[in-house]
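Asks: Residue numbers (full-length UniProt numbering), protein chains in the order written: chain A, 1 to 416; chain B, 1 to 416.
Keep in mind that a hint or two might mislead.
When chains are identical, the list treats them as one kind, so a pair holds in a single copy or across two.
[To be verified] Derived BS3-like pairs (lysine-lysine); straight-line CA-CA distance at most 30 Å: (1) Lys-356 to Lys-13; (2) Lys-356 to Lys-213; (3) Lys-213 to Lys-13; (4) Lys-376 to Lys-213.
Hints in this document: simulated from the structure, not taken from any laboratory.
Quick caveat, the model's predicted, so the values are computed rather than measured.
Number of protein chains: 2
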Amino acid sequence: MSDLMNTLGQQSKRAAQQLSQLESAEKNDCLMQMAQDLENSSNTILAANQQDLSRAKENGIPNPMIDRLRLTGERIKEMAEGIRQVASLPDPIGVVEKMWRTEDQLMVGQQRVPLGVIGIIFESRPNVTTDAASLCFKSGNTVILRGGKEAFYSNQALVELMQQTLRHSQLDPAMIQFVNDTSHDVANEMMRLNEYLDVLIPRGGAGLIQRVKNSATVPVIETGTGNNHVYVDHAAQLDMAISIVANAKAQRPSVCNAIETLLVHEDIASEFLPMIEEALTPHQVALRADSRAMSYLKQADLATEADWATEFLDYILAIKVVASIDEAIEHINRFNSKHSEAIITDSYHNGQRFLKEVDAAAVYINASTRFTDGFKFGFGAEIGISTQKLHARGPMGLEHLTSTKYIIYGDGQIRE
Amino acid sequence: MSDLMNTLGQQSKRAAQQLSQLESAEKNDCLMQMAQDLENSSNTILAANQQDLSRAKENGIPNPMIDRLRLTGERIKEMAEGIRQVASLPDPIGVVEKMWRTEDQLMVGQQRVPLGVIGIIFESRPNVTTDAASLCFKSGNTVILRGGKEAFYSNQALVELMQQTLRHSQLDPAMIQFVNDTSHDVANEMMRLNEYLDVLIPRGGAGLIQRVKNSATVPVIETGTGNNHVYVDHAAQLDMAISIVANAKAQRPSVCNAIETLLVHEDIASEFLPMIEEALTPHQVALRADSRAMSYLKQADLATEADWATEFLDYILAIKVVASIDEAIEHINRFNSKHSEAIITDSYHNGQRFLKEVDAAAVYINASTRFTDGFKFGFGAEIGISTQKLHARGPMGLEHLTSTKYIIYGDGQIRE
Numbered sequence: 001m002s003d004l005m006n007t008l009g010q011q012s013k014r015a016a017q018q019l020s021q022l023e024s025a026e027k028n029d030c031l032m033q034m035a036q037d038l039e040n041s042s043n044t045i046l047a048a049n050q051q052d053l054s055r056a057k058e059n060g061i062p063n064p065m066i067d068r069l070r071l072t073g074e075r076i077k078e079m080a081e082g083i084r085q086v087a088s089l090p091d092p093i094g095v096v097e098k099m100w101r102t103e104d105q106l107m108v109g110q111q112r113v114p115l116g117v118i119g120i121i122f123e124s125r126p127n128v129t130t131d132a133a134s135l136c137f138k139s140g141n142t143v144i145l146r147g148g149k150e151a152f153y154s155n156q157a158l159v160e161l162m163q164q165t166l167r168h169s170q171l172d173p174a175m176i177q178f179v180n181d182t183s184h185d186v187a188n189e190m191m192r193l194n195e196y197l198d199v200l201i202p203r204g205g206a207g208l209i210q211r212v213k214n215s216a217t218v219p220v221i222e223t224g225t226g227n228n229h230v231y232v233d234h235a236a237q238l239d240m241a242i243s244i245v246a247n248a249k250a251q252r253p254s255v256c257n258a259i260e261t262l263l264v265h266e267d268i269a270s271e272f273l274p275m276i277e278e279a280l281t282p283h284q285v286a287l288r289a290d291s292r293a294m295s296y297l298k299q300a301d302l303a304t305e306a307d308w309a310t311e312f313l314d315y316i317l318a319i320k321v322v323a324s325i326d327e328a329i330e331h332i333n334r335f336n337s338k339h340s341e342a343i344i345t346d347s348y349h350n351g352q353r354f355l356k357e358v359d360a361a362a363v364y365i366n367a368s369t370r371f372t373d374g375f376k377f378g379f380g381a382e383i384g385i386s387t388q389k390l391h392a393r394g395p396m397g398l399e400h401l402t403s404t405k406y407i408i409y410g411d412g413q414i415r416e
Numbered sequence: 001m002s003d004l005m006n007t008l009g010q011q012s013k014r015a016a017q018q019l020s021q022l023e024s025a026e027k028n029d030c031l032m033q034m035a036q037d038l039e040n041s042s043n044t045i046l047a048a049n050q051q052d053l054s055r056a057k058e059n060g061i062p063n064p065m066i067d068r069l070r071l072t073g074e075r076i077k078e079m080a081e082g083i084r085q086v087a088s089l090p091d092p093i094g095v096v097e098k099m100w101r102t103e104d105q106l107m108v109g110q111q112r113v114p115l116g117v118i119g120i121i122f123e124s125r126p127n128v129t130t131d132a133a134s135l136c137f138k139s140g141n142t143v144i145l146r147g148g149k150e151a152f153y154s155n156q157a158l159v160e161l162m163q164q165t166l167r168h169s170q171l172d173p174a175m176i177q178f179v180n181d182t183s184h185d186v187a188n189e190m191m192r193l194n195e196y197l198d199v200l201i202p203r204g205g206a207g208l209i210q211r212v213k214n215s216a217t218v219p220v221i222e223t224g225t226g227n228n229h230v231y232v233d234h235a236a237q238l239d240m241a242i243s244i245v246a247n248a249k250a251q252r253p254s255v256c257n258a259i260e261t262l263l264v265h266e267d268i269a270s271e272f273l274p275m276i277e278e279a280l281t282p283h284q285v286a287l288r289a290d291s292r293a294m295s296y297l298k299q300a301d302l303a304t305e306a307d308w309a310t311e312f313l314d315y316i317l318a319i320k321v322v323a324s325i326d327e328a329i330e331h332i333n334r335f336n337s338k339h340s341e342a343i344i345t346d347s348y349h350n351g352q353r354f355l356k357e358v359d360a361a362a363v364y365i366n367a368s369t370r371f372t373d374g375f376k377f378g379f380g381a382e383i384g385i386s387t388q389k390l391h392a393r394g395p396m397g398l399e400h401l402t403s404t405k406y407i408i409y410g411d412g413q414i415r416e
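Looking at chain A on its own, in the form it has when it is part of the complex (with noise of 0.2 Å):
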């Protein structure tokens, strides 16, 4: 292990403690003012972010990535009010969820705590520096941020800021903290940090995911891919089909909630494939259908089964035609990448079955998969959605960054 990666460790660690004891309000009045600092400090960020734009310029880097990268004074007050908002989410820390009393009379009560040192490895929106390092500071966590190195001044100078806003409310800067170091060889090492991180959880591509996944011994959650499918039953109202299917593939069809494949019952296809053909139209979709579905439509290739099982994350539609919800729900079970499904249908039964056989994060009945998200299911924030099963699964807001502990009021008691 590297003496950076041990030195931060073991910074955060102290820091975690002093942190966890934090009341509220000292969390919230360090918030706002961090929220502030960030607005005076506008043109500090900007010119950082100016060296990064100049790079990856030079590094010929795409120019939907140069977007992503840049900053301007309204995305900082953007961020800015992200932080306002944190800071006026109830805390989650000290929370007793259940307290009850036991055969032998000592009363337990479960109580939220801080899970301790959190590790963010993530890509190249800076955003994410703000966002990550609000919530975990709200749920009474450091933080360890490694962000990617196309976004490197920008995320720096913001933890610079933070860290000065810390030190000017007597905390400790450590409570957040900045990987100044790019190379894989340091974030493999922040993988096997189990000495001091309590969990890691990656942001970014499918890549930068897997990459965690087969590496990390530090607990991780995984976040963040979707491949998500719309079953349109025999007995949806195919209006409502329409509108759904074109929310969840073409209002945003970059982001992790959207779908990849379109599955259609056979009994409407006929009916069905040439509506929704003609609704994506106006939106560029380009169609990968299998050959039954094929036959109902204008203009589209025919799917590989590369093509199941792919996350486009971009105007592309797989279709399938199936003989049955038992072959969506087979279909789904194979192929997605358990976050959000749908089905369309007026049948009570079908929609029940479909909730208790799809396993996914988030499970829909006659709604778009795009709602699978920390603000819309109304935790007001997110740091990310979870697509696996232990400890959190499908959006996480604060509550889910933290642990519980069990707290016993005794009166002698010992155990016979």
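Use these hints to put chain B onto chain A, whose structure you have.
Replies: Below, chain B alone, put in the same frame as chain A:
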């Protein structure tokens, strides 16, 4: 990856789909039948156990370990009773923990579902086989069991028996599987079987837990190490303190919820330490004291720095005199394994501080740490005691072997 682990993984994953859809009554009937079949086949099990015992004696395995390995008619009855008790517990699967209406008028419910496939790596006691298998089965999870080589024949016979019951119940026998290879290589493969295993739970000594923690890329739930403390505050009722310390240390020192270190406030050390020495004498507890504590004790060795960090699991107690509750909390948070900690005090303020500031799965006021136990907490079962913060912390019952999924009832909602 070897064929063995790949095949087991595939089979378990396929069986998990069937198991996740079983009704509670089907699961309970099958468990009751397993218990019956186990009792009816005592002789087969005892014969297999005899093979393990003979080999253990040949290999010069120490007697206490042979005792843990030994099955008797009585022990088999207890194992069967254990299975029946699991059958009688409420089924956690399908429970909707909460349900709410979002701003978009979606009804979102959080429903308990199985984790999927659970791997268990455990050491010598064969009763873990039926315990773990019945808990996993009841909570809708398939299980891959990899026991130690000492109990190989017993474990194998037990799993074969349970698989036979599954077959007779028209269920896939792959719901409960056994790794019939006790090599380290295969254990290491199991720790990296991310494609099929949803979680890995090691059950055994600190060495095993550490090995799994350092090697596994599959999500792990750490269980069991307990370097626990009782802090006797200056405001303690000394008779209560003696009864609790004696219970926590000497009632059963080999278990993870026993204590290893006693911390005593300096104001009461001269009165309390001779009393506790007298109380522990009948149990032949060896004392390892710091220099201040030594001066109040008749017979004690000087504690080394390493003693504070050691889980003795034996009739050994480390003792330290502290100047304040602050020093006690600091010592505990530095050396403990985050398992169970207790303060004995009549001071309301100190009790509350201890609960808030001590970092452990279970923190007690005025009770023995020996209550950290799924049965004593009222969960009706226990698969282990988690000492990590992710997913589950403290005693784990059936509910802790589950995940959740969001089920969402819509009415055509799309995202703007």
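Asks: One pair to classify: Lys-356 and Lys-213, alpha carbons no more than 30 Å apart. Within, between, both, or neither?
Replies: within (28 Å within a copy, 34 Å between copies)
Asks: One pair to classify: Lys-376 and Lys-213, alpha carbons no more than 30 Å apart. Within, between, both, or neither?
Replies: So Lys-376 and Lys-213 pass the 30 Å test inside one copy only (28 Å; across, 36 Å).
Asks: Up to 30 Å between alpha-carbons, please classify Lys-356 paired with Lys-13: within, between, both or neither.
Replies: between (42 Å within a copy, 17 Å between copies)
Asks: Using 30 Å as the alpha-carbon threshold, which applies to Lys-213 and Lys-13: within, between, both, or neither?
Replies: both (23 Å within a copy, 19 Å between copies)
Checked against the numbered hints given earlier, this structure breaks none of them.
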